[in-house]
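Start from the sequences, fold in the hints, and give me the full structure.
If you read the sequences in order, they're chains A and B. Read in the working numbering, the first sequence has 220 at position 28, and its numbers run on one by one without any break. Read in the working numbering, the second sequence has 214 at position 199, and its numbers run on one by one without any break.
Hint data in this document are derived by calculation from the structure and do not stem from the laboratory. Beta carbons are placed, not taken as given, at the ideal position from N, Cα and C, and that holds for glycine. Check each hint, because a few of them may be wrong.
To be verified - Pairwise CB distance ranges, derived in the manner of DEER restraints:
(1) Ser200(B) / Thr244(A): 17 to 25 Å
(2) Thr65(B) / Asn196(A): 28 to 36 Å
(3) Val186(B) / Leu265(A): 33 to 41 Å
(4) Met200(A) / Pro138(B): 28 to 36 Å
(5) Val270(A) / Met174(B): 19 to 27 Å
(6) Val73(B) / Val262(A): 25 to 33 Å
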Amino acid sequence: MEGNIAQMGQFIGAGLAAIGSGAAAIGVGHVAGNFLAGALRNPSAAAAQTATLFIGIAFAEALGIFSFLVALLLMFAV
Amino acid sequence: MADQSANKGSGGIAKIAFFAVLAVVLVSGLIFAPEHAGLAIHPMDQFELTPLFGGEHVGTFTVTNQTLWMGLAIVGIILLLVVGTSGGKEVPTRSQSVAELAYGFVYKMVEDVAGKDAVKYFPGIMTLFMFIVFANFLGLIPMSFTPTSHIAVTAVLAMIVFVFVTVLGFVKNGAGFLGLFWVSSAPLPLRPILAVIELISYFVRPVSHSIRLAGNVMAGHAVIKVFAGFAAALGLFGFFPILAISAVYALEVLVAFIQAYVFTILTCVYLKDALHPSH
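Shown next, in the form of structure tokens:
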């Protein structure tokens, strides 16, 4: 309660950045769900595409990790 | 009939053992619960570097717990891949079949994702995969240290891949490697704009490559520590956070493998881009 508004802003900013992680979760779920939908239509082709699945998940997740990085920077580096 | 009763018997023993463990956990939680524990959780303390041989200062060549656990990962790899496969039997032993499984897994990944002509670079990719897998799994042992939770470590791994792939691309294709940024399938006026975007995304690669691994590992370990703090603070009711810790730990075992897999498969994708840069 020392009127440390800068620190308050840091915490609020870190919390807002965490929204990005939730958005990445939606993206990853979208990739995995669509993969499953496609795999159930044609199960014989599914095994060959697991690598593509993981690459897609990794790319979707990368942007969520950037927001995680922003949160970490706000918490510990600013 | 006899089998059934035996099954029932062992099930009963398992049940009794489960409840005994539960009781011990609850009672010890009651006894050892700190009076004013509050919620003093320090989830990031586990990532602290501590010099092994005294002193506080961490310099470039200081031997820290980081060095120790990276060394242990190397020792583990040697035990599995060199000692475990010695003899080379027709019918593999347990360790030999695990080593063969890992070898075949990475080999197939390189062949499928990066192409037949990338098999030349298989040893490097295998080394990368084994190191990350061992570092991740050794880090899951309680009270141990995870080298891959530090961005400093993963950034070096990612930079090795980035520099190697870029140099390889220019050596193999010369100026043709720049075709990676020139999307020839797009309409002509759009291509310069796309080239800028492609260029940015190319240079962001090592950043996302390294932070993905370090971030996932670090976040998982921090979550376990946060729940452990809850368990310590709740005393008798600490049983529920402990259940949650078990679930998160199981997830972390999965994440430890998947992140190593993703790191390796992205390396293969970048390698493929370097060998065949045309869009």
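In rising order, the numbers of the hints this structure does not comply with:
4
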